[in-house]
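Undergrad: Given next are the chains, with one letter for each unit.
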Amino acid sequence: MYKLVIGLLLISVSAVYAQNEEFAAMQNIETFKKGISDMAKSTTSIKASFKQEKYLSILSEAVASSGEMYFKKPGRLKWAYTSPYNYAIVLNGEEIKINDEGKVNSFAINNSKVFKQINDLIIKSVQGDVLQEDEFDIVFKESKSLYLAQLTPINNNIKDYITHIDVYFEKNDFSVKKIKLFESEDDYTLITFQKKQFNVSISDNEFSF
Amino acid sequence: MNFLSSRLIKVILFFSFCTLFGKTRAQEFLTPNSFLDSGKPLVYNAVFQYKEYSFSGLMVLKKQEEDYRVVLLSKLGPTIMDFLLTENGLEYITAPEVMKKKIVANLMEQDFDLLVLQKLEDEQKIRNKGKGFKVKGKQPIKIMLDEEARIIEAKTNKFFSILKSRALFYHTNDDAIPDEICLSHKFVKMKIEMNLLRQ
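Quick note, the sequences are listed as chains U and B, same order.
The opening position of the first sequence corresponds to residue 1 in the UniProt record's numbering, with each subsequent residue numbered one higher.
The opening position of the second sequence corresponds to residue 1 in the UniProt record's numbering, with each subsequent residue numbered one higher.
Simulated from the structure, these hints should not be mistaken for lab results.
Since we're looking at a predicted model, the values are computed, not measured.
Quick reminder that beta carbons are idealized off the backbone N, C-alpha and C, glycines included.
Take these hints with a grain of salt, some might be off.
[Said to hold, decoys possible] Simulated DEER-style distance windows between Cβ atoms:
#, chain 1, residue 1, chain 2, residue 2, range
1, U, Glu22, B, Glu147, 30 to 40 Å
2, B, Arg198, U, Ser49, 15 to 25 Å
3, U, Asp134, B, Thr31, 55 to 65 Å
4, U, Ile154, B, Asp175, 42 to 52 Å
5, U, Ala64, B, Thr31, 44 to 54 Å
6, U, Ile154, B, Lys51, 31 to 41 Å
7, U, Ala108, B, Thr31, 49 to 59 Å
8, U, Ile58, B, Lys129, 28 to 38 Å
9, B, Lys134, U, Val139, 27 to 37 Å
10, B, Asn106, U, Phe198, 46 to 56 Å
11, B, Ile80, U, Lys73, 26 to 36 Å
12, U, Glu61, B, Thr86, 25 to 35 Å
[Said to hold, decoys possible] From chain B, some residues computed to sit far from chain U (all C-beta separations above 10 Å):
#, residue
13, Lys101
14, Gly130
15, Phe159
16, Lys191
The shape of chain U in the complex, shown without the other chains (with noise of 0.2 Å):
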């Protein structure tokens, strides 16, 4: 009973040690930008679980939902909400598509500079493909486990939106495992990866309602 106590504690600790991971300056960038190039290049599809967090100042507990991921080349994404609510958009550099419960809407990404760059940076985000120092001041870290690049947007129209983004990159595969979009210290959405599948076989009709 006493090595059960003990295991569930060391599980315990484990699992907050994880969470805390200490990030320093990261030693090698150019290493790691090869990396995240080449992961961005050799990847055609992916298919992940994900869990959205919303953390807001103003509530004790963050608001969870959870999904799929759809992505495939060239800039087609889909994200599929399935709990609490169902709710889908498609984003294929053209339009956005929006499946509500049944009801579906569409909007001209090119009639909104805003939606164009928004659609952009996720796109990107996802793929690992953000590391475009024009668009952002930029500060690589890493841990144990992670790279870490956190950027923060140049452009004014995202920055109204978005303060910065924190971006964590397996260091085994340079796969995404999880995105904070930053609106405020206290107020951002955390995005994590689970259950992903590259390069495997994502039917065109995934991107259409």
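Starting from the known structure of chain U, arrange chain B on it as the hints suggest.
TA: Positioned in the frame of chain U, the structure of chain B alone reads:
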């Protein structure tokens, strides 16, 4: 003895009357409260409809001291709008420029005041009227209660106005928190439908 008994009965009757009268007076002044009075934040799944267009997001409502905080979130996470409803009106914390235009801000204030029942803050302006209450002021409203004294309807009560709004509050549970809220307008094809996600 008889004299004493009769005096005693009179005293008891007097005190009973005072207590009864006191209770009746207190009931007259029992005013309805906003469902947000506990200060606990509520999260609703909200659908906004204007003519054939619709948009959905999450709406967080919270009472902060005497003010009411409303935060509208996109389902992808980022905040679209964040504002306070105070006794002096609507104060934006974050909002797109278009929402800051006076006519839009006024309509927002009227609708969200009704939705969070902000007008009930000033008890002096509340008058009992039939099965419901009237709240006097620059933007008078009328509210109706169910048998359990929960607010089931609130509507603007200004005779000469084209912007008449009405909020319906539906309860599927026994508590005072509405599980569904529907806000609509009499002359404008615009409405908000909300379903409680979390309290």
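Undergrad: Give a verdict on every hint.
TA: So, going through the hints one by one against the coordinates:
1. U:Glu22 <-> B:Glu147: 30 to 40 Å: At roughly 59 Å between Cβ atoms, B:Glu147 and U:Glu22 fall outside 30 to 40 Å, so the hint is violated.
2. B:Arg198 <-> U:Ser49: 15 to 25 Å: Taking Cβ atoms as reference, B:Arg198 and U:Ser49 lie about 21 Å apart, which means the hint holds.
3. U:Asp134 <-> B:Thr31: 55 to 65 Å: Because 60 Å falls inside the window, the suggested range holds.
4. U:Ile154 <-> B:Asp175: 42 to 52 Å: The hint (42 to 52 Å, Cβ to Cβ) holds, given that U:Ile154 and B:Asp175 are roughly 49 Å apart.
5. U:Ala64 <-> B:Thr31: 44 to 54 Å: At roughly 37 Å between Cβ atoms, B:Thr31 and U:Ala64 fall outside 44 to 54 Å, so the hint is violated.
6. U:Ile154 <-> B:Lys51: 31 to 41 Å: holds, 38 Å
7. U:Ala108 <-> B:Thr31: 49 to 59 Å: About 50 Å separates the Cβ atoms of U:Ala108 and B:Thr31, which means 49 to 59 Å holds.
8. U:Ile58 <-> B:Lys129: 28 to 38 Å: holds, 34 Å
9. B:Lys134 <-> U:Val139: 27 to 37 Å: Violated: the Cβ-Cβ distance is about 58 Å, outside 27 to 37 Å.
10. B:Asn106 <-> U:Phe198: 46 to 56 Å: holds, 52 Å
11. B:Ile80 <-> U:Lys73: 26 to 36 Å: At roughly 30 Å between Cβ atoms, U:Lys73 and B:Ile80 fall inside 26 to 36 Å, so the hint holds.
12. U:Glu61 <-> B:Thr86: 25 to 35 Å: holds, 26 Å
13. Lys101: holds, 17 Å
14. Gly130: Since the minimum Cβ distance to chain U is about 37 Å, B:Gly130 lies beyond 10 Å and the statement holds.
15. Phe159: The claim stands: B:Phe159 keeps its Cβ more than 10 Å from every Cβ of chain U (closest is about 36 Å).
16. Lys191: holds, 14 Å
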